[in-house]
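Two chains, each in its own frame: build the complex with the hints.
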Amino acid sequence: GAVVSQHPSWVICKSGTSVKIECRSLDFQATTMFWYRQFPKQSLMLMATSNEGSKATYEQGVEKDKFLINHASLTLSTLTVTSAHPEDSSFYICSARRGTNYGYTFGSGTRLTVV
Amino acid sequence: DAKTTQPTSMDCAEGRAANLPCNHSTISGNEYVYWYRQIHSQGPQYIIHGLKNNETNEMASLIITEDRKSSTLILPHATLRDTAVYYCIVRVSMNSGYSTLTFGKGTMLLVSP
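In order, the protein sequence lines correspond to chains A and B. At position 95 of the first sequence (counting the first as 1) the number is 95 in the numbering used here, and the numbers step up by one without a gap. At position 72 of the second sequence (counting the first as 1) the number is 187 in the numbering used here, and the numbers step up by one without a gap.
Mixed in with the good hints there might be a few duds.
Stated by the list, open to error - Some chain A residues well away from chain B (every beta-carbon gap over 12 Å; in silico):
#1 S15
#2 G16
#3 K55
#4 D65
#5 K66
#6 N70
#7 T82
#8 S83
#9 H85
#10 R97
Claimed, not checked - Lysine-lysine pairs mimicking DSS-like chemistry, simulated, CA-CA at most 27 Å apart:
#11 B:K220 / B:K184
#12 B:K220 / A:K64
#13 A:K14 / A:K41
#14 A:K41 / B:K220
#15 A:K20 / A:K64
#16 B:K118 / B:K220
#17 B:K118 / A:K41
#18 A:K14 / A:K66
#19 A:K66 / A:K41
Unchecked claim - Derived DEER-like restraints, expressed as beta-carbon distance ranges:
#20 A:L68 / B:S140: 45 to 51 Å
#21 A:R111 / B:G219: 19 to 25 Å
#22 B:Q160 / A:S18: 27 to 33 Å
Everything labelled a hint here was simulated from the structure, so no lab data went into it. Where is the CB? At the ideal position from N, CA and C, for every residue including glycine.
Chain B extracted, bound-state conformation (with noise of 0.2 Å):
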């Protein structure tokens, strides 16, 4: 799996977009990009995943770039709640055999009243 670039810690205020970066500058063809997040004490959550397309859901959008060297998850509205470890991980379809996810050191989000 490609490895990723990501910054130890940003800062966002509550009611702001939160606009988290990732480098993934070797990834392959057939490799995703997968977004998870981890609030303290509990375990990891998932929130968006794509290949090339932007993707949109209830939780965040996910905007690759078109050379798929780099992507951004955005968070439209952050609340206090969204304060986590947010990790990027970029890996084959999950379609693909059972191996698991590695996890890189993530951004740690701290979102601001």
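With the rest of the complex left out, here is chain A (with noise of 0.2 Å):
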């Protein structure tokens, strides 16, 4: 059980347009869940807290209005990038938990190239 899918797994897109990716929990319902951001190399860093029926919570540093945060259901959570430039490259992880008496469950990543 604890099943999170993300998709896409990887995605290419040009300078300037926006991208979608989706994060679901399959088995469970998650009122929380979290993006992380990973760049060659280098650790995982939160992104921001996803709230069902509210608004995203962003760490300092992250861009608000560039890394769009949806969270419309229990079992979705959507991160749009928005015009994005090269230096958005990067892996982009998503995780959730069923309950305070679960630990995390991680996605397997999107993979984002931006020529």
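This is the structure we're talking about:
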């Protein structure tokens, strides 16, 4: 149990376009999901906390107008990278947990390349 | 959450035990030790966690020193598929609140034939 599905697994887009990444909890409901970003040879850095039915909470230094997060249901959170630039190229990973008595489950990640 | 220190990299021969150390000298009494691993280009995977007693599951064993200032993750019979970055994370129980995990740099374990 506790499976988190992330889609797409990789995407290449042109500079200036927007890209949407989906994160779904397949067998449980998640009121809170988390979005991370990982640059090559670096560790995961938390970008934002996605809250169902309310605004996301962004970490310091993460532009909320550039990284739009929508958590419209208890099983789906989306991250949209708007007006993407090559420096946004990274590995984006989401995570969620079923409830306070469970650990965190991570998605398989999305490799974004902006050309 | 308490800070952890891990070696940057380790090597292990296939079939041998891999012992990954972690120092967490500032750990508090209510903080657990969690281990996750990340295989290249995948999301992190939970391995094991513990408070003060040694723990074992189908993936690994966790040995925590009596003073709780350090711990060792043991993969008893490492395989090539165990090659990954291993993260040791110290934080209060998962039962408390919705704050997420903070990842350090971890240990890159390379298992070779």
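* To do: Could you work out which earlier hints the structure fails to respect and list their numbers in ascending sequence?
  => When the structure is compared with the hints, numbers 10, 20 turn out to be violated.
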